[in-house]
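Protein chains in written order, with numbering that gives the first Met the number 0: chain A, 0 to 342; chain B, 0 to 342.
Hints in this document: simulated from the structure, not taken from any laboratory. Careful: at least some of the hints might be erroneous.
A pair holds if it fits inside one copy or across any two, identical chains being indistinguishable in the list.
Stated by the list, open to error - With a cut-off of at most 25 Å between alpha-carbon atoms, the simulated BS3-like pairs for lysine-lysine come out as follows:
| no. | residue 1 | residue 2 |
| --- | --- | --- |
| 1 | K150 | K186 |
| 2 | K149 | K314 |
| 3 | K285 | K128 |
| 4 | K150 | K314 |
| 5 | K43 | K149 |
| 6 | K128 | K186 |
| 7 | K151 | K231 |
| 8 | K43 | K211 |
This is what each chain is made of:
2 protein chains.
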Amino acid sequence: MLKNTLFLIALTAAAQEIHPDRRVTFSLEAPQAKEVSFFGDWMKAGAKEPMTKDAKGVWRVTVGPLEPNIYIYSFTVDGVTIADPVNPRMKLRARTSASLVEVPADTELPWQARDVPHGAVEINWQHAKAIGGEARAFWVYTPPGYAQSKKKYPVLYLFHGSNDTAGGWVLVGHANFILDNLIAAGKATPMIVVMPFGHAVPFGSPREVQAKNVTVFEDYILRDVMPAVEGKYRVTKDRAIAGLSMGGGQSIHIGLRHPEMFSALGAFSAAVPENAGALLNAAPPKLFWFACGRQDFLLDRNRGFDKLLTERKVKHVYRETEGPHTYSVWRQYLAEFVPLLFR
Amino acid sequence: MLKNTLFLIALTAAAQEIHPDRRVTFSLEAPQAKEVSFFGDWMKAGAKEPMTKDAKGVWRVTVGPLEPNIYIYSFTVDGVTIADPVNPRMKLRARTSASLVEVPADTELPWQARDVPHGAVEINWQHAKAIGGEARAFWVYTPPGYAQSKKKYPVLYLFHGSNDTAGGWVLVGHANFILDNLIAAGKATPMIVVMPFGHAVPFGSPREVQAKNVTVFEDYILRDVMPAVEGKYRVTKDRAIAGLSMGGGQSIHIGLRHPEMFSALGAFSAAVPENAGALLNAAPPKLFWFACGRQDFLLDRNRGFDKLLTERKVKHVYRETEGPHTYSVWRQYLAEFVPLLFR
């Protein structure tokens, strides 16, 4: 196992100090600030941990012990919530970008960059016909050996959540390392993973515009992304579709409306569409797998969906786990879902 | 020309308001702050533009008019320098991450995402033998049509500066769009561009460790990156090497020590190595092109290098332009340098 995944840059100006017992000390230099607090995404939404100032004007807080995982955190300095200024590992968002901390484990975890063959992740730009010709990027994972092989691979379309970007599943979710590890262990079929940008109408639009996002996004996937992927990459016609939160809603919407196109449908802590019942007229994809954390604000919606599917006798798997609405849960779900695909 | 490059996310929560006369208003919500100032990378290092608070606690400043370009900016809130919390377009750095603003032009600029065929950018991970097996990423631009063709392409190795990451030339420099535009206009040979991470010893190491960076980096390029590139991508043996600032120093070091490997050497606002004179024993690459801005703190070092090369009768091109030590200058240099390659 590696000490450092070095996603973007080597960290020496340690923004975080991780203690042997997995408690973590965070610090921020802000001599003039009156009140600084800390938030980590394992905490309840809106909770704050006060930080304490030393004689040099550095504020500190020690939290944990934390389970080994990758967490998102931010500081609030006199009312302004900010990312950690000296940590280049970030979740980039519209509101509000935040920082990442990785608590390592003694055992191997699914999302760690281990010393196994690595796939690559390619950023592709295209002018989306479904979105007025706008230039937008989709990210594509290709498995180890793709460039040297002539094989065709099945494709998983994987969608992010509302306050995220096309890069989120890689930069925060470590989807590429999860796939690398599963493939190396013989637990997953080598596959291509396509990660588009989920906001087909601008993020933060008025409610009536925002409501159109899922149908414009569906159009964008079918008319722009899928033809581009199938024109460029060596792919079979075996496809799966999955997403988290908003992206889980999108995967349910598109997967149920086009079951002939997808052999598997996954939804992680999904914003289940309000019209999901109506979509059930069609036969669902062969594998229909969804999951939610018991501390997630979308738990009731997912339980209701499970109940509806059971009543309608639609074959599905519903998993409940401990955990809130965070990537800590979604990495685990991806690691459980991917081995079920393309078998 | 496009309204929006949509690198990562659509911006609606406008962090910046760009006026028709190319003045720009920046804002930050910070009701409790006592003093907020603004810095943009067209300003003198250390300069600050005060911001003014309105009745709702939003601080604003209007700057410019600015020449059309992409600029880096930050806020300083009661002594803490931060990126714009609601702008996901960032330059990620060790100290201190900052935000990007793009001032559009009526005419077409080299770094804009135009409606031309786009290349792709692939992130590759490998365990670097030269760096103790650490997992690190290098980014690779492939030109439009690469995946569908069987051709081999020449390779430009392109290095970033000290406070930057492997993604900097793409995310901030728009190197991919610069190449797309030049290739579409028939002004550049289609080529592959390899962008490794430039810190082979940890950034911020003690001076005596930091001094070894260039030789460890050279080893990393020759033993890890070049074999990986030549094993994976369809490449010819025609190579060029270039970089900005620290990366310019690295390109001079490696290019002069291995002139048989590179047909061209470029250095943009380079941290010219102190031992550059000694490296000149070898015959330099065929094309030796370097440039510096007249407002750059490295101007004297570059002028001195030009003088040395002239005295030693080493064939080279030295360009001086207006501008400081920023990507505004480096985008332009890349757009001038690339058309000279592989002819």
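*Quick check: which numbered hints come out false for this structure?*
Hints 2, 3, 4, 5, 6 and 8 are the ones this structure does not satisfy, whereas the remaining hints hold.
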